[in-house]
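**Student:** Spelled out from the first residue to the last, the chains are:
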Amino acid sequence: MSEYSVIGKPIKNVDGVAKVTGEAVYAFDMTLPNMLYGKLLRSPHPHAKIISIDTTEAQKLPGVKAIITGKDTPGGKWGLWRRYPELCDQTALATEKVRYIGEPVAAVAATSIDIAERALDLIQVEYEPLPAVFDPLEAIKDDAPLVHEDFENNINATRHIEWGNVDEAFKAADYIREDRFTLSSQHHAPMEVHNALASYDKGTGRLTVWASTQSPYFLQLGLADALKMREGDIRVIKPHVGGGFGGKNSTMPESVNAALLSKKTGRPVKIVYNREEEFIATEHRTAMNLAIKIGLKKDGTILAKEVKIITDGGAYTGLGATTLYLAGTFITFPYKTPNYRYDGFRTYTNTMWSSSMRGFGAVSTVYAAETQLDRAAHDLGIDPLEIRRRNAMTPGYEAPGQYKVESCGILECIDKMKERVKEKWPKLEKDEGIGFATFAYMSGGIFNWIDTPYAFSGAMVKVNIDGTVDLFTQASDIGQGSNTVAAMICAEVLGIDVEDIRLHLGDTAITLTDLGAWGSRETLMNGNAIKAAAEEVKKKLISVARMKLGENIVYDLVVKNKRIYLELRPERGFSYYDIVRDAIKENDGEPLIGIGHYTPHNKGMISPAYGMGIQAVRAKVDRETGHIELRDVIVVHDCGQTINPLGARGQVEGSTQMGLGFGLCEEILMDNGLIINPSFVDYKLIRFRDMPPIELIDVPTYDPEGPFGAKEAAEATASPGAAALANAVYHAVGAEFDTNVLRPEKVLKAIREKEKKDRAGK
Amino acid sequence: MKKELKFKVNGEDYDLWVEPKTLLVQVLRDELGLKGTKWACDSGACCACTVMVDGRAVKSCSILALQVNGKEVMTVEGLANGPELHPLQQAFIDNWAFQCGFCTSGQLMAAKALLDENPDPTIDEIKIAMDGHLCRCTGYNMISEAIQDAAKRLQAQKQQEGGK
Numbered sequence: 001m002s003e004y005s006v007i008g009k010p011i012k013n014v015d016g017v018a019k020v021t022g023e024a025v026y027a028f029d030m031t032l033p034n035m036l037y038g039k040l041l042r043s044p045h046p047h048a049k050i051i052s053i054d055t056t057e058a059q060k061l062p063g064v065k066a067i068i069t070g071k072d073t074p075g076g077k078w079g080l081w082r083r084y085p086e087l088c089d090q091t092a093l094a095t096e097k098v099r100y101i102g103e104p105v106a107a108v109a110a111t112s113i114d115i116a117e118r119a120l121d122l123i124q125v126e127y128e129p130l131p132a133v134f135d136p137l138e139a140i141k142d143d144a145p146l147v148h149e150d151f152e153n154n155i156n157a158t159r160h161i162e163w164g165n166v167d168e169a170f171k172a173a174d175y176i177r178e179d180r181f182t183l184s185s186q187h188h189a190p191m192e193v194h195n196a197l198a199s200y201d202k203g204t205g206r207l208t209v210w211a212s213t214q215s216p217y218f219l220q221l222g223l224a225d226a227l228k229m230r231e232g233d234i235r236v237i238k239p240h241v242g243g244g245f246g247g248k249n250s251t252m253p254e255s256v257n258a259a260l261l262s263k264k265t266g267r268p269v270k271i272v273y274n275r276e277e278e279f280i281a282t283e284h285r286t287a288m289n290l291a292i293k294i295g296l297k298k299d300g301t302i303l304a305k306e307v308k309i310i311t312d313g314g315a316y317t318g319l320g321a322t323t324l325y326l327a328g329t330f331i332t333f334p335y336k337t338p339n340y341r342y343d344g345f346r347t348y349t350n351t352m353w354s355s356s357m358r359g360f361g362a363v364s365t366v367y368a369a370e371t372q373l374d375r376a377a378h379d380l381g382i383d384p385l386e387i388r389r390r391n392a393m394t395p396g397y398e399a400p401g402q403y404k405v406e407s408c409g410i411l412e413c414i415d416k417m418k419e420r421v422k423e424k425w426p427k428l429e430k431d432e433g434i435g436f437a438t439f440a441y442m443s444g445g446i447f448n449w450i451d452t453p454y455a456f457s458g459a460m461v462k463v464n465i466d467g468t469v470d471l472f473t474q475a476s477d478i479g480q481g482s483n484t485v486a487a488m489i490c491a492e493v494l495g496i497d498v499e500d501i502r503l504h505l506g507d508t509a510i511t512l513t514d515l516g517a518w519g520s521r522e523t524l525m526n527g528n529a530i531k532a533a534a535e536e537v538k539k540k541l542i543s544v545a546r547m548k549l550g551e552n553i554v555y556d557l558v559v560k561n562k563r564i565y566l567e568l569r570p571e572r573g574f575s576y577y578d579i580v581r582d583a584i585k586e587n588d589g590e591p592l593i594g595i596g597h598y599t600p601h602n603k604g605m606i607s608p609a610y611g612m613g614i615q616a617v618r619a620k621v622d623r624e625t626g627h628i629e630l631r632d633v634i635v636v637h638d639c640g641q642t643i644n645p646l647g648a649r650g651q652v653e654g655s656t657q658m659g660l661g662f663g664l665c666e667e668i669l670m671d672n673g674l675i676i677n678p679s680f681v682d683y684k685l686i687r688f689r690d691m692p693p694i695e696l697i698d699v700p701t702y703d704p705e706g707p708f709g710a711k712e713a714a715e716a717t718a719s720p721g722a723a724a725l726a727n728a729v730y731h732a733v734g735a736e737f738d739t740n741v742l743r744p745e746k747v748l749k750a751i752r753e754k755e756k757k758d759r760a761g762k
Numbered sequence: 001m002k003k004e005l006k007f008k009v010n011g012e013d014y015d016l017w018v019e020p021k022t023l024l025v026q027v028l029r030d031e032l033g034l035k036g037t038k039w040a041c042d043s044g045a046c047c048a049c050t051v052m053v054d055g056r057a058v059k060s061c062s063i064l065a066l067q068v069n070g071k072e073v074m075t076v077e078g079l080a081n082g083p084e085l086h087p088l089q090q091a092f093i094d095n096w097a098f099q100c101g102f103c104t105s106g107q108l109m110a111a112k113a114l115l116d117e118n119p120d121p122t123i124d125e126i127k128i129a130m131d132g133h134l135c136r137c138t139g140y141n142m143i144s145e146a147i148q149d150a151a152k153r154l155q156a157q158k159q160q161e162g163g164k
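As they're listed, the protein sequences go chains D and Z. With this note's numbering as the guide, the letters of the first sequence map in order to residues 1 to 762. With this note's numbering as the guide, the letters of the second sequence map in order to residues 1 to 164.
With the rest of the complex left out, here is chain D (with noise of 0.2 Å):
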């Protein structure tokens, strides 16, 4: 069907030799000679005043060279919602008060991680405690204790999006419910924890990084902001990553109190959280209590939806102001909505914070949608996919002042699904259901809280005098597979192959800005920017050859399979490297680069273009115990045109099992703030037996912002897993939830309600 070379086939990951022979160095890999390692003391409480710290008897621990509070650092205070300062909350150590169970007091560099732990022990701090605020809907009374004294009633963002005449909609609809749910948070549990190297140098003043991060750009400025730096003397350099899923994107007290035991010790320290550490004190998914009216007409068109929703914010912002708005928006896709109100207001508590997760926004008001509307359809006899259906988004739709559609595939996915389970699972078994969720997500977005003045991403391609290539991009691979789909585009454009570019990735010092690797970013942003890179070099190759041709004008050159040539006249033309020899030698040696930039523009407030689809999964509900069993599931998604169908397949399945576990088994359990399960013995994670068959089926689609039509695939397919799983179980014994993460004893409690209801019903 295409043209293309690379494009949509199936390329082997540019870094799978590497991985698959544990060559692939991470951070957490790292050492440096004279190396020290450091480690966090952190508070026990989840609100107190600090009253003092002795460090005296940890200092005459031997080994120990540095200890540090609040007091040592330069008190610079951070945060990703850059351009609002009051939103900068977030520092290196507490002083004056420590505001969730894990927050660190106290840094310590020693010779060993176990002299360093030794030391924790050994540093004594007095703190009077303080009532303290859990809960969000608790959080906002005017009575409730202040986490931040500056935000009243605790309010820590808020967000209103409105458009039609929400009020006189609802007066013509010939149906409306209202259904409140409770979302819990999940943890991104990432294989890899956080990890910080950071060597600072006496001489020049300046910093270098190694860390686990999403993106670079946003450590460096966290790290320029925590420190009172200047950017520039920073540099944060990207190895491989194990795992981000919106956990790494904030800079955290584990890479900025590295730097500072650096400075102080004058040698490199490395600070490692261990498993325990990530679950209590790294970010997780955002929490929300949420309220949505919906008004239909008889035939189950929508006509007003209004939703309102309290998020559990935790103690700092990080990327929880984001999710506010994106929850707001995405409860509407991929739905026309008429009529629309939203109020979301993000509530400081004392607890570690929340912020962004895989779907951030989306996850949990798509579960909150998409099993609301399933029992709309029940109420108004009509199908679950047929409902979907009428409300379908189509191309180029708008929602007024706030986001456009262009490409748009999602009623071609839900009549595939129709056509697919009909012939697949025609016949279900006693207590077995089938559950539909539709889904959607921004490819990137169009925001810049981080206030950065540079593109969002940039890329700069390097021709060698062998026609091999160096790209040069801050993109962030951290498994998602965008290094492969960096050299692809790059590939594409100049007619070479994948083997013949060397990526220089994830480098602030060498490399352009590009914002990193969140809100499905990478494959639409950078890789208009490589795309524009690598044919502003092509450009020049073009006009190379056209002079060795001496044509006329008016005729048009190609460049493909390592050959230039007439479009109309194959035959004519030259090979690719002689071209590359001619281009430098003639032009007295000039380098032969391309540098590409790409920043959305007049394309709404949220993302300049939306991957979406519908997900069925089949399950089986066991009656006595509640246990429900994952059998099978379908994915049908609009991708734009797929860059790595490989890589797109691998990303639907990382994410269908991340909305499941939301779904199914992955909660976070909290007493009085304290986490009671930080531990893979006690999270529960989907696992190998648990993961049913993904059939994934590709809708087409050309996304003209996109490069060569490109949209998301990482992130939409993470929101349907939970919701898809509650209809089916709704579907096969009639249970109703108004939460996820359904347990065996909320499955059985269910199904007594829907029993009791249905007696009384007789």
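Heads up, some of the hints might be wrong.
Claimed, not checked - Taking lysine to any residue and the SDA-like style, the derived pairs with C-alpha atoms no more than 20 Å apart in a straight line are:
{"#": "1", "chain 1": "Z", "residue 1": "Lys-127", "chain 2": "D", "residue 2": "Val-681"}
{"#": "2", "chain 1": "D", "residue 1": "Lys-754", "chain 2": "D", "residue 2": "Glu-178"}
{"#": "3", "chain 1": "D", "residue 1": "Lys-202", "chain 2": "D", "residue 2": "Met-229"}
{"#": "4", "chain 1": "D", "residue 1": "Lys-12", "chain 2": "Z", "residue 2": "Ala-80"}
As the list claims (entries may be wrong) - Computed footprint of chain D on chain Z; a stretch qualifies when at least three of its residues, placed anywhere within it, have a C-beta under 8 Å from a C-beta of chain D:
{"#": "5", "region": "45-51"}
{"#": "6", "region": "95-108"}
Since the hints were derived computationally from the structure, they do not count as laboratory data. Note that beta-carbon positions come from the ideal geometry of N, C-alpha and C, so glycine has one too.
Keeping the supplied structure of chain D fixed, place chain Z upon it in accordance with the hints.
**Tutor:** Okay, now just chain Z, sitting in the frame of chain D:
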């Protein structure tokens, strides 16, 4: 007090002195520099640190280094035959069976132990054998498929060798 540890790693003999409390994963990573073996959970619950000890898959975070005295250890670094990848490694690449790659070394070693014992496993047998191995990036299915693919390649290799 340090004690002597004599063992073989990836075919090479080592003679070291280690503190008794030292874990095998610490010796492999910190003493021998074999950082392909990862460490991810501190509770023996994720299997990222899996290596082979005398042909069996073992979590190197849950065994003392001195317990492998006199034994033969194989890590991911010993899987390829020089520049030639092991069929499991090639199958993992061809099937996109990893993403971030942090759990991959452990997965490969467990898969090797499985195929050594059961050269033709069903998908269900693979799932049971691999069940403790946590992977946050993939949905496991592509790993199972890669292991089955590798089993076929190994069988074909054996047939070819047998035919010679």
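**Student:** Mind checking the alpha carbons of Lys-127(Z) and Val-681(D) for me, to see if they're no more than 20 Å apart?
**Tutor:** holds (19 Å)
**Student:** Does Met-229(D) sit within 20 Å of Lys-202(D), going by the straight-line distance between their CA atoms?
**Tutor:** holds (13 Å)
**Student:** Is it true that the CA of Lys-12(D) sits at most 20 Å from the CA of Ala-80(Z)?
**Tutor:** holds (18 Å)
**Student:** Can the restraint linking Lys-754(D) and Glu-178(D) be considered satisfied, given a maximum Cα separation of 20 Å?
**Tutor:** Answer holds: Lys-754(D) to Glu-178(D) is near 18 Å, not above 20 Å.
**Student:** Taking a Cβ-Cβ distance under 8 Å as contact, does the region 95-108 of chain Z have three or more residues in contact with chain D?
**Tutor:** Since 10 is at least three, the answer is holds.
**Student:** Using a Cβ cutoff of 8 Å, are there at least 3 residues of the region 45-51 of chain Z near chain D, or does the coverage claim fail?
**Tutor:** holds (count 3)
Hint violations for this structure: none, all hints satisfied.
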